[in-house]
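From first to last, the protein sequence lines are chains Y and P.
Everything in the first sequence is counted per the numbering used here, starting at 9 for the first residue and increasing by one.
Everything in the second sequence is counted per the numbering used here, starting at 9 for the first residue and increasing by one.
Bear in mind the hints are in silico, worked out from the structure with no lab data behind them.
Be aware that a few hints might be false.
As the list makes no split between identical chains, a pair holds if one copy fits it or if it spans any two.
List time: in silico BS3-like cross-link candidates among lysine-lysine, alpha-carbon distance up to 27 Å [to be verified]:
hint	residue 1	residue 2
1	K268	K156
2	K156	K256
3	K402	K330
4	K286	K56
5	K270	K256
6	K330	K233
7	K156	K272
8	K330	K58
9	K311	K156
10	K88	K24
11	K326	K233
12	K228	K270
13	K49	K395
14	K24	K228
15	K195	K149
16	K18	K272
17	K88	K306
All values derive from a computational prediction rather than experimental measurement.
One-letter residues, chain by chain:
2 protein chains.
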Amino acid sequence: MDRTYIADLKPDTTCKIQGYVENLRNKRTMAFLVIKDLSGKVQVTVEKEKYPEIAAEVDKLTLDSVVTFEGPVIANEYVKLNGIEMLPTSIKIESIAEALPIQRDEIKGGKAKDLERSSIDQRLDYRWIDLRTEQNQLIFKLQTYMVKVMRDFLSDRNFLEIHSPKLIGAASESGSDVFELTYFDRKAYLSQSPQFYKQMAMASGLERIFEVGPVFRAEKSFTSKHATEFTGFDLEFSYIDSFRDVMKLEEELLTDMLTKVKEKFGDEIERLYGLEVKVPTTPFPVIKLADLYDELEKNYGYKVDDSEKGDLTTEAEKLSYKWVQEKYDHEFLFITDYDAEKRAFYHMRDENGVPMGYDLIWRGVEITTGAQREHRYDVLKAQCDEKGLTEDVKFYLEFFKYGCPPHGGFGLGVDRLTMLFLGLGIKEVMYIFRGPNRLNP
Amino acid sequence: MDRTYIADLKPDTTCKIQGYVENLRNKRTMAFLVIKDLSGKVQVTVEKEKYPEIAAEVDKLTLDSVVTFEGPVIANEYVKLNGIEMLPTSIKIESIAEALPIQRDEIKGGKAKDLERSSIDQRLDYRWIDLRTEQNQLIFKLQTYMVKVMRDFLSDRNFLEIHSPKLIGAASESGSDVFELTYFDRKAYLSQSPQFYKQMAMASGLERIFEVGPVFRAEKSFTSKHATEFTGFDLEFSYIDSFRDVMKLEEELLTDMLTKVKEKFGDEIERLYGLEVKVPTTPFPVIKLADLYDELEKNYGYKVDDSEKGDLTTEAEKLSYKWVQEKYDHEFLFITDYDAEKRAFYHMRDENGVPMGYDLIWRGVEITTGAQREHRYDVLKAQCDEKGLTEDVKFYLEFFKYGCPPHGGFGLGVDRLTMLFLGLGIKEVMYIFRGPNRLNP
């Protein structure tokens, strides 16, 4: 018999189900189990006297053991769980679980019953047990779909997928936070960003590319947003007229993605996390950094220190969410006109020296830096010299000597987007979190 | 004016095109250029006396410079290239190329005019220039689509996508070929395979998962098939009855992919590489390893050394293609019943100790190892002890203590599949190749 997903069970059929034992009440004449698979949960009711051989097997079961049951499914109005139950005629134990080392009670409406749960670090030690909850499985259903619709959006617009090397010969961009490794008889480094290689694709005439892959940051940060390894979603495209084309593509990409995610998972996200998925209107609100600081001061009395004015402070980042909601009833905000000093050397600058790029803030958290890139070798080299990076990025400068179209792009963090959808921290949202103190499992 | 892709140009329209200067004949009164974008090539004919300002710009152009042209497109039966040309009324130079440091004449019908081309290693030094050819761009069009249709096939069957960590705490499986790095105050290693973590997803109740991501091998191999970093396409799924379910999924996945790739790129692959895409029939031929050796001896006089009989020799791998073509008119061959000694400890074994797994050979090259995995903790631990690996994979064994469904899976190499489609070596097919002696660009 083929397996039926629990969510697809119908009364008055005979089915085979397979899943984890989520609950188990083993009484004298009856046993009541809740079996959970990736699609849902169902009550399995064992008539012990009628099926002594099933009863004998049920006696061996523990929570989180894995079983296969076959038998009729019937409607029963007294069963709380969807009003149906299976009355099995056969059982096969696939795997017996030892006593669980962590307590992982479910989060209700976005709030964990913290007293009953193991700490996040204890749960991460046994991540595979922690991941068996409905809430945690939604993370991966949502993320799989989110990335799929974004990839499809780009494929429909002639973007090609590249897989750029993570092993690199020179510690690029921001040398300090890079992992170094022994590469045969020399040193290599782990890529902190596919930036240089996605720009190489522009110099290769590939015109429009994206990449989904790991990025590595050797930062000793212990915030709820930082990990030493996470999944980047990066794209770059040629023949743009301005960085406004990049912003436009990004808002279209995100709006399409949010529309589809809401349609497919909006109800589940609300049920399991108590959060609404809101489809944004386009164009997204845009403001210059200096104007944002003015608004934050005028409306909330927030005063930024002069030395910090060229960049967005963490406090202003959060506060900007309040402002954009009140002013535009919007969750997204593009911020432009940062100080050249605070931006990467490869951002193209306008005639006043202002970088032609932006940050995008969603729910008060920066999710993207985007820009038109400087593709003119001489200008790029000058900007590079100015930051004293020329020696480090020599190989990269070569990409622009032999013909390169104008281009721009941006990067998103897959894990960060997922966090913001579900109101979770980075440790909770990653399949397997990596931080300065964590390399297991 | 919006840009028109060159392949979409129609006579009697006025368009804007953008691309690389592939050819340039600058005469006294006329200039003839071939402009190439990702979609195709077109002749641009400049009437120099009529447009002296265009002529002045054309005088600055070099091969592989990047330009924007606007103007009418007309039919002209004397133009070899598709019988159309653009007569530009404006030009904008986007980027001037220095003299190209490599010679990259196109491959015709699968054969390079080797005398005129730079060596592959010279071309790899300037990979971005090398990649501008139609042949090389087809690699990424094909690969993007191939991976997309395989992902879609799996999404349609409820597979979730995971991104497992590439930074790992213990040098697993085959400790010798692993890259080691400094991870703050300790050591870490680069993942050689997502094997353990995709199995962890099974213990997490995610049921069916795939991953597309980099894998790292610190092997000092200099063959046309080996790289130190490449892209793996891995999947794993629960509640299988046998490794035959894994083989079935793989043959369906590959047949679906080949059908779609042939439809979309079959003609282009034939035109640019002289190779046919052949859609396989299912089921794929299957043979036991010992029987294959018998057949190869009977048909081709190939004798395998007794000490090598438990595994497939490179010679037999190649020869098996001849055999499967002659016997079944097929390009694929499943080989089963390897020696337990030659297979990974986590392959489940039957009652006779034979691993319940397979290799899949396409065109005489192994593209997959697949198997049902041992999910029973005690049996797994015994098999692990037998290979002396228990200490190394302690963290992995834990996955099976607290409930785990029966499962199996396989892995494919994205780059290797692309190689086989196009008859290329690994250096030619990767976006940016990494080998023991190559970390650039």
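Going down the list of hints, with the structure as the test:
no.: 1; hint: K268 - K156; in the structure: both (11 Å within a copy, 19 Å between copies)
no.: 2; hint: K156 - K256; in the structure: both (20 Å within a copy, 25 Å between copies)
no.: 3; hint: K402 - K330; in the structure: neither (43 Å within a copy, 48 Å between copies)
no.: 4; hint: K286 - K56; in the structure: neither (50 Å within a copy, 57 Å between copies)
no.: 5; hint: K270 - K256; in the structure: within (21 Å within a copy, 34 Å between copies)
no.: 6; hint: K330 - K233; in the structure: within (20 Å within a copy, 55 Å between copies)
no.: 7; hint: K156 - K272; in the structure: both (13 Å within a copy, 21 Å between copies)
no.: 8; hint: K330 - K58; in the structure: neither (63 Å within a copy, 59 Å between copies)
no.: 9; hint: K311 - K156; in the structure: neither (42 Å within a copy, 49 Å between copies)
no.: 10; hint: K88 - K24; in the structure: within (21 Å within a copy, 65 Å between copies)
no.: 11; hint: K326 - K233; in the structure: within (13 Å within a copy, 50 Å between copies)
no.: 12; hint: K228 - K270; in the structure: neither (35 Å within a copy, 49 Å between copies)
no.: 13; hint: K49 - K395; in the structure: neither (58 Å within a copy, 40 Å between copies)
no.: 14; hint: K24 - K228; in the structure: neither (49 Å within a copy, 50 Å between copies)
no.: 15; hint: K195 - K149; in the structure: neither (39 Å within a copy, 33 Å between copies)
no.: 16; hint: K18 - K272; in the structure: within (22 Å within a copy, 41 Å between copies)
no.: 17; hint: K88 - K306; in the structure: neither (54 Å within a copy, 67 Å between copies)
When the structure is compared with the earlier hints, violations turn up for hints 3, 4, 8, 9, 12, 13, 14, 15, 17 and for no others.
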